[in-house]
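The hints should help you fit chain B onto chain A, whose structure is shown.
Chain by chain, the residues run as shown.
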Amino acid sequence: MSFAPSTIDLASRLDRQAPAVEVRDLRKTFKRRDRKTSGRFARKRPWPALADVTFTIARGECVAILGQNGSGKSTLVRLLSTLLIGDGGEARVFGHDVDRESSTIRRLVNRVSVEASFFKKMSASENLSYAARFYGMTPRQTRTAIPEILTKVGFPPERRGEAMENLSRGMQQKVALARALLTSPVLLLLDEPTTGLDPRSKLEVQEFIRQVRAEHDATILLCTHDMAEAEVLADRVGLLDRGRLLFLEPVEDVKRRFKVDTLEEAFFAATGREFVAEEGDENDDEYREVFG
Amino acid sequence: MSSGVGSTEPPRSAGPGFAGVGAGRLALETRNQLVGLFGIVERNMYLTKRYFLWDLAFMVWTIANTLTIVFIARGLHLPPAEENTAAMALLVGATIWAFLGIIFEFMTETVAWERWEGTIEYTFMAPLSRFVHLFGQGAFAVLYGLIRAAILFLAVAAFIGIHAPNANYAAALGLLALASLSFIGVGIMTSVLPLISPEKGAQLGFVCQGLMLVVSGIYYPVSVMPEWMQWISKISPATYAIRGCRNSIIHGTGLVWADVWPLLIIAVLATPIGLAVFRVGERHAKKHGKLKRAG
Chain A
1 MSFAPSTIDL ASRLDRQAPA VEVRDLRKTF KRRDRKTSGR FARKRPWPAL ADVTFTIARG
61 ECVAILGQNG SGKSTLVRLL STLLIGDGGE ARVFGHDVDR ESSTIRRLVN RVSVEASFFK
121 KMSASENLSY AARFYGMTPR QTRTAIPEIL TKVGFPPERR GEAMENLSRG MQQKVALARA
181 LLTSPVLLLL DEPTTGLDPR SKLEVQEFIR QVRAEHDATI LLCTHDMAEA EVLADRVGLL
241 DRGRLLFLEP VEDVKRRFKV DTLEEAFFAA TGREFVAEEG DENDDEYREV FG
Chain B
1 MSSGVGSTEP PRSAGPGFAG VGAGRLALET RNQLVGLFGI VERNMYLTKR YFLWDLAFMV
61 WTIANTLTIV FIARGLHLPP AEENTAAMAL LVGATIWAFL GIIFEFMTET VAWERWEGTI
121 EYTFMAPLSR FVHLFGQGAF AVLYGLIRAA ILFLAVAAFI GIHAPNANYA AALGLLALAS
181 LSFIGVGIMT SVLPLISPEK GAQLGFVCQG LMLVVSGIYY PVSVMPEWMQ WISKISPATY
241 AIRGCRNSII HGTGLVWADV WPLLIIAVLA TPIGLAVFRV GERHAKKHGK LKRAG
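Chains as they are written, first to last, in the working numbering: chain A, 1 to 292; chain B, 1 to 295.
Treat the hints as calculated values from the structure; they're not laboratory data. Predicted, not measured: the structure shown is a model, and the values here were computed from it. Don't take every hint at face value.
To be verified - Beyond 12 Å from chain A on every Cβ pair, some chain B residues (computed):
#, residue
1, Leu-67
2, Leu-78
3, Ile-147
4, Ile-196
Unchecked claim - If the Cβ cut is set under 7 Å, some of the chain B residues that face chain A in the computed set are:
#, residue
5, Gly-39
6, Tyr-46
7, Arg-50
8, Glu-117
9, Glu-121
10, Met-125
11, Ala-126
12, Lys-286
13, Gly-289
For every residue, glycine included, the Cβ atom is placed at its ideal position computed from N, Cα and C.
For reference, chain A alone in the conformation it holds in the complex (with noise of 0.2 Å):
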């Protein structure tokens, strides 16, 4: 079944020859502040978030692009979901190019990021109420759809008229998931999706992501910095260190190549560093986007 099928005419939207994306010499700079100036005058000096990016996914795989904070994530996230405009390259989905095609696009991607964006006064109903009806759902269709889709996500439907602020992260992440998968996307970004949960809403997200793989023809980029997470949920695992992809293969030829037990002794063969992903770190796209 799908919650969705009469609104959205996703099939004339598909280029089913085309890989699901499709991402060549991405770039994209932001200015930020110069540390060792400050005050009005401060000086900017460029920093690129992604440099030359090249990569493809194909329709239905799960890719997980690994990175510590400020690795460019988010951005690319944000480019392929129409957020951001890139400054070079090209990125497409299911053959539509992200800029020039936004609104098609739109109607195939949807994501769920680190903070699950909310009105906090309105209720998770309220709340995905609103984000379906952009999507042609109609109150008919909400009404039974969205408590299938919160039980789904392991969220207690009697509490689905409570406002989102009385409401725990892991629950508040749980209605974003909820979120994006009630417009039927076939592309799914997930920026972040388990970061600050507690262990076990942490699986219970992770079980859910497998099921969506498992029984849908849905294509998934997971942007994570854990590690244990991407090589359980990929099919192949991406390294995106300082803005550039450094390479993108199945987990074991990751290990086979950098002769490695870990994906994080595969970072320190990489890159000549340790593998840190502190979290709220000020090196991170968000802070790079917000202050820079």
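Quick look at chain B alone, frame taken from chain A:
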């Protein structure tokens, strides 16, 4: 499990011809956009319900503020009939100021509130046309603003004891509805300001509102202003809305063509210009990563 992900199967139909597919897709797209428009109005209803007491407090402030203006007529010590006319003229001006304030507030909140809540990226990556998105916000603002303006007008008129025996309320409402189309267009232009300056953009919307009203004869006839301001007043939709509403409520005048045609022209021009301005601002924000920025 049967979640909604990946429903890519083509619709089961009898296989319409090329024209049928085009028309079908257009109909589907139109339907989806209308549902999206409803979604914007519905969300604002939820939020209004949640913040009802705050809105009530703001309503009390608006009434108090309007009273401070309308009491000026009492202080002029005019004969009763003239005092009544002066009070009504001030009340109409203050009511339209409040109405316009609601529209500008809602329009600038299109971006500002969603950025504060963090939902802006989800709204901007949804397949809703920007016109429908902004028009939906404007449509709710007009409905909500009209209700508040009516309450304000009746409350102040009753408190001070102003009479409007000849009032043609239908004509005044009609003119205000027509002017609202222009107000939405101008509001769309100002709603882009928080995209450009997350910190100060929203406040700049109120500056625009003030500038529009100062040249529109809000509490005085346009003729008392310097000539250059009178020229500017000709392109302000508020000029025709205030003049027309005053005449309808005080003198019982119906819809006057001299007020209607400028409003029609401004309405036709304001929305496309507003949308073009918004698109430029949105592109700027997407280019510089300013869409999601807490300010």
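Each hint, compared with the structure:
Interface exclusion of B:Leu-67 from chain A stands, the closest Cβ pair being 31 Å apart, more than 12 Å. At the 12 Å boundary, the C-beta of B:Leu-78 stays outside the reach of chain A, the nearest C-beta of that chain being 48 Å off. Even its closest Cβ contact with chain A, about 21 Å, leaves B:Ile-147 beyond 12 Å, as expected for a residue assigned away from the interface. Every C-beta of chain A lies more than 12 Å from that of B:Ile-196, the closest at about 15 Å, which supports listing it as non-interface.
Because the smallest distance between the Cβ of B:Gly-39 and any Cβ of chain A comes to about 2 Å, under 7 Å, the interface hint for this residue holds. The interface hint given for B:Tyr-46 is met, as the beta carbon of that residue sits about 5 Å from the closest beta carbon of chain A, less than 7 Å. At a threshold of 7 Å, the smallest CB-CB gap from B:Arg-50 to chain A is about 4 Å, leaving the interface hint in force. With a least beta-carbon distance of about 5 Å to chain A, the hint placing B:Glu-117 at the interface is held under the 7 Å criterion.
Hint on B:Glu-121 holds. Least Cβ distance to chain A is approximately 5 Å, under the 7 Å limit. Below 7 Å, beta-carbon pairs count as interface contacts, and B:Met-125 has one with chain A at about 5 Å; its hint therefore holds. For B:Ala-126, the interface hint holds, the least distance from its beta-carbon to any beta-carbon of chain A being 4 Å, beneath 7 Å. The beta carbon of B:Lys-286 comes within 5 Å of a beta carbon in chain A, closer than 7 Å, and the hint placing it at the interface holds.
For B:Gly-289, the interface hint holds, the least distance from its beta-carbon to any beta-carbon of chain A being 4 Å, beneath 7 Å.
In the structure shown, no violation is registered for any of the earlier numbered hints.
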